[in-house]
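Visitor: Going down the list, the protein sequences come from chains A and B. Going left to right, the first sequence walks through residues 1 to 386 as full-length UniProt numbering numbers them. Going left to right, the second sequence walks through residues 1 to 386 as full-length UniProt numbering numbers them.
Derived by calculation from the structure, the hints in this document are not laboratory data. Hints are supplied without guarantee of correctness; some may be wrong.
In this list, chains with the same sequence are indistinguishable; a pair is considered to hold if it fits within one copy or across any two.
[To be verified] Mimicking DSSO-like on lysine-lysine, the simulated pairs with C-alpha atoms at most 27 angstroms apart in a straight line are:
id: 1; residue 1: Lys342; residue 2: Lys247
id: 2; residue 1: Lys371; residue 2: Lys158
id: 3; residue 1: Lys332; residue 2: Lys247
id: 4; residue 1: Lys40; residue 2: Lys332
id: 5; residue 1: Lys332; residue 2: Lys223
id: 6; residue 1: Lys347; residue 2: Lys59
id: 7; residue 1: Lys234; residue 2: Lys109
id: 8; residue 1: Lys371; residue 2: Lys247
id: 9; residue 1: Lys328; residue 2: Lys40
id: 10; residue 1: Lys51; residue 2: Lys131
id: 11; residue 1: Lys47; residue 2: Lys371
id: 12; residue 1: Lys234; residue 2: Lys342
There are 2 protein chains.
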Amino acid sequence: MSNQAPHPALLIPGPIEFDDQVLQSMSHYSESHVGMPFVKTFSETLKMLRKLFQTEDPKAQPFVISGSGTLGWDQVASNLVEPGDDVLVLHTGYFADSFADCFETYGIKVTQLKAPIGDRPQLDEVEAALKEKNYKAITITHVDTSTGVLSEIEHVSKLVHRVSPETLVVVDGVCSVGSEEIQFDNWGLDCVLTASQKGIGCPAGLSIVMASGRAIERFNSRKVPPTSYFGSWKNWLPIMQNYEAGKPSYFATPSPQLIHALHTTLTQITSVPLSSRFEAHRAASQKVKSAVASLGLSQLASKPENQANGMTAIYLPEGITPPQVLPKLMAKGVVFAGGLHKQIASKYIRFGHMGVSVTDPNRSDIDTAIKALKEGVDEAVQEAKK
Amino acid sequence: MSNQAPHPALLIPGPIEFDDQVLQSMSHYSESHVGMPFVKTFSETLKMLRKLFQTEDPKAQPFVISGSGTLGWDQVASNLVEPGDDVLVLHTGYFADSFADCFETYGIKVTQLKAPIGDRPQLDEVEAALKEKNYKAITITHVDTSTGVLSEIEHVSKLVHRVSPETLVVVDGVCSVGSEEIQFDNWGLDCVLTASQKGIGCPAGLSIVMASGRAIERFNSRKVPPTSYFGSWKNWLPIMQNYEAGKPSYFATPSPQLIHALHTTLTQITSVPLSSRFEAHRAASQKVKSAVASLGLSQLASKPENQANGMTAIYLPEGITPPQVLPKLMAKGVVFAGGLHKQIASKYIRFGHMGVSVTDPNRSDIDTAIKALKEGVDEAVQEAKK
Numbered sequence: 001m002s003n004q005a006p007h008p009a010l011l012i013p014g015p016i017e018f019d020d021q022v023l024q025s026m027s028h029y030s031e032s033h034v035g036m037p038f039v040k041t042f043s044e045t046l047k048m049l050r051k052l053f054q055t056e057d058p059k060a061q062p063f064v065i066s067g068s069g070t071l072g073w074d075q076v077a078s079n080l081v082e083p084g085d086d087v088l089v090l091h092t093g094y095f096a097d098s099f100a101d102c103f104e105t106y107g108i109k110v111t112q113l114k115a116p117i118g119d120r121p122q123l124d125e126v127e128a129a130l131k132e133k134n135y136k137a138i139t140i141t142h143v144d145t146s147t148g149v150l151s152e153i154e155h156v157s158k159l160v161h162r163v164s165p166e167t168l169v170v171v172d173g174v175c176s177v178g179s180e181e182i183q184f185d186n187w188g189l190d191c192v193l194t195a196s197q198k199g200i201g202c203p204a205g206l207s208i209v210m211a212s213g214r215a216i217e218r219f220n221s222r223k224v225p226p227t228s229y230f231g232s233w234k235n236w237l238p239i240m241q242n243y244e245a246g247k248p249s250y251f252a253t254p255s256p257q258l259i260h261a262l263h264t265t266l267t268q269i270t271s272v273p274l275s276s277r278f279e280a281h282r283a284a285s286q287k288v289k290s291a292v293a294s295l296g297l298s299q300l301a302s303k304p305e306n307q308a309n310g311m312t313a314i315y316l317p318e319g320i321t322p323p324q325v326l327p328k329l330m331a332k333g334v335v336f337a338g339g340l341h342k343q344i345a346s347k348y349i350r351f352g353h354m355g356v357s358v359t360d361p362n363r364s365d366i367d368t369a370i371k372a373l374k375e376g377v378d379e380a381v382q383e384a385k386k
Numbered sequence: 001m002s003n004q005a006p007h008p009a010l011l012i013p014g015p016i017e018f019d020d021q022v023l024q025s026m027s028h029y030s031e032s033h034v035g036m037p038f039v040k041t042f043s044e045t046l047k048m049l050r051k052l053f054q055t056e057d058p059k060a061q062p063f064v065i066s067g068s069g070t071l072g073w074d075q076v077a078s079n080l081v082e083p084g085d086d087v088l089v090l091h092t093g094y095f096a097d098s099f100a101d102c103f104e105t106y107g108i109k110v111t112q113l114k115a116p117i118g119d120r121p122q123l124d125e126v127e128a129a130l131k132e133k134n135y136k137a138i139t140i141t142h143v144d145t146s147t148g149v150l151s152e153i154e155h156v157s158k159l160v161h162r163v164s165p166e167t168l169v170v171v172d173g174v175c176s177v178g179s180e181e182i183q184f185d186n187w188g189l190d191c192v193l194t195a196s197q198k199g200i201g202c203p204a205g206l207s208i209v210m211a212s213g214r215a216i217e218r219f220n221s222r223k224v225p226p227t228s229y230f231g232s233w234k235n236w237l238p239i240m241q242n243y244e245a246g247k248p249s250y251f252a253t254p255s256p257q258l259i260h261a262l263h264t265t266l267t268q269i270t271s272v273p274l275s276s277r278f279e280a281h282r283a284a285s286q287k288v289k290s291a292v293a294s295l296g297l298s299q300l301a302s303k304p305e306n307q308a309n310g311m312t313a314i315y316l317p318e319g320i321t322p323p324q325v326l327p328k329l330m331a332k333g334v335v336f337a338g339g340l341h342k343q344i345a346s347k348y349i350r351f352g353h354m355g356v357s358v359t360d361p362n363r364s365d366i367d368t369a370i371k372a373l374k375e376g377v378d379e380a381v382q383e384a385k386k
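Start from the sequences and build out the full structure, keeping to the hints where you can.
Guide: Here it is as structure tokens:
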């Protein structure tokens, strides 16, 4: 099935399992970061990102920078808003707190709108919040990796455009791009930030951002210069424009090997209709969620409409903790993740179902994992009774 | 000699040619960033970095973060100094200007001490400058990639400790770590920042920093919090300490594949005495510099004592420009870089001689390159005469 060394299937909500060809691209021989062969690869990569985000706005701008998803927060906080500005952060888990912390580092004033664990802020609450202040941006975590809660970014974005049209719509898509549909133009999004190692299916090490023409305009009309250096679009914007246009350009050295791997996975992703990719994720997710329900277990994400399609956060039976279950799953060949939401971390586990584990018909990762989950939880419950 | 696909030898001052095993490590199957197998790899990697930097100070702290060498500047500017502080930047080329730009982004006041192109600030000039202000830090570019000028970091550091003992000694070692000797403890250095893709011999994508116990103390006694988020040691310090101690820890997702590759190259580097590694670089450099002289060409770095051992910046014959020479070298199987120092970019080329190209006796990269350089320059001169 795969020519990788034998290893347990990595089914955490990122990093995910990678395709053989993608991993082989990581071993690409060394190339100059300003030589034409690599420039062509980077150019094609940036163009394919436009397809993945379903944007045809020529003024929209993709950025691919060595880093991690977290660097996307810095890019937003230091380029799209200015010290003293207000932003509204919709909270569906751990990652909203961290994004808020990032904004505050750069002198931005944050208002968080928090939902109960397992839920998301409701549209009427968002509308009321938007009317309270002049927010320069709103952030929405599309899928919070700590809870598996899915936000309704299309509806929130349309609401923002209606009631607070000057507010930029920023989506943290670290755990959604590639596994959840995102119609960048149609939904009026201004910035989506993500990372390479989840739905996109490329090893970790890249911060990937798509900014709308409107976001770039906002950036270009800043009153003060960007407040970070490594994440500054003043430094990166001309570089990305040049690379995409096939012109060598230098600010900081990109990682040719990671860009090759990203090129390979984007080539695979864009070679089939995106709709079938998202359908495969929905189908796998339904299979997982049905299995979870049939085990008598519940999800953190409390309603069908707020459950992510690329991961499932699963409450363990009362009194059972992740260390009682995860090693059993590992022994059965699958790696799940423990809880991450501080208040309830000891009560749940997380199952990632993204990328080749759901799109490659030759892989049986999901079925193996469902079987292991059932057996592992049963064994843990039996042991606890002893 | 190598099982990599046929390709021209990459002899720019980074990225360099990589060892087969290092590239194979880039294809490592996917692992959890918080699973014990990867935690062990990361722990060993951090410990090997201490050896490479020749530090035994238990309070010194290595950092390895997804990014590039440039991110090291952000780490220094946002963690080791505070807005309003003065820093003294010794200028030996392009990269001092950029480091200064980074400091200014974070509200630091920069004084640059500039040497003529091809030289470095002299010790008496540094001493005089240090006495003019209360500098919180001094920065020295160990090897400026744009000029090939080598700074005398040991002597500058000892001078700083003598005349301005509160000033932190910061070294930009992006183009020196792994190819030039650095005795972190003995020379009293407080921070050395570097990247993976040059003397260390691992593909691009990692920012690598070593901070002294004194630097960490200075960080811990900051009056204001770190002024960047992704590069904040408040976020990263506990993570690095935990990984090194073998404990899983999470702030932002590291790149397991890049860390594996770094582990492989550091295992190779630390398996032989460091002195022989640096001697190999000095010997290769002498061979290159002798060949350059025998072609009647001169170097940007104007004196034997200020010439780097991992690269050579070579003035082309009068009237000959890089586009007249570089394609000829490429046709002969070697990739050199063009000029980077804005004032003279069209007058010179750069030849990187670091890593396996000089340490692997099975590789003939340097001899091939010297021959190609002679032929290529001769041909360009003949063509120009027509």
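Visitor: Against each hint, give a clear statement of whether it holds in the structure.
Guide: Hints versus structure:
1. Lys342 x Lys247: Answer is between: at 18 angstroms across copies they meet the 27 angstroms cutoff, but 46 angstroms inside does not.
2. Lys371 x Lys158: Neither: 41 angstroms inside a copy, 64 angstroms across copies.
3. Lys332 x Lys247: Close across copies (23 angstroms), not inside one copy (50 angstroms); limit 27 angstroms.
4. Lys40 x Lys332: between (43 angstroms within a copy, 22 angstroms between copies)
5. Lys332 x Lys223: Neither. Shortest intra-copy (57 angstroms) and inter-copy (51 angstroms) distances fail the 27 angstroms Cα cut-off.
6. Lys347 x Lys59: Result: close neither inside a copy nor across copies, 46 angstroms intra and 37 angstroms inter.
7. Lys234 x Lys109: both (23 angstroms within a copy, 20 angstroms between copies)
8. Lys371 x Lys247: neither (51 angstroms within a copy, 30 angstroms between copies)
9. Lys328 x Lys40: between (46 angstroms within a copy, 21 angstroms between copies)
10. Lys51 x Lys131: Answer is neither: 34 angstroms inside a copy and 57 angstroms across each miss the 27 angstroms cutoff.
11. Lys47 x Lys371: Neither: 40 angstroms inside a copy, 40 angstroms across copies.
12. Lys234 x Lys342: between (37 angstroms within a copy, 19 angstroms between copies)
Comparing the model with each numbered hint stated earlier shows that hints 2, 5, 6, 8, 10 and 11 do not hold.
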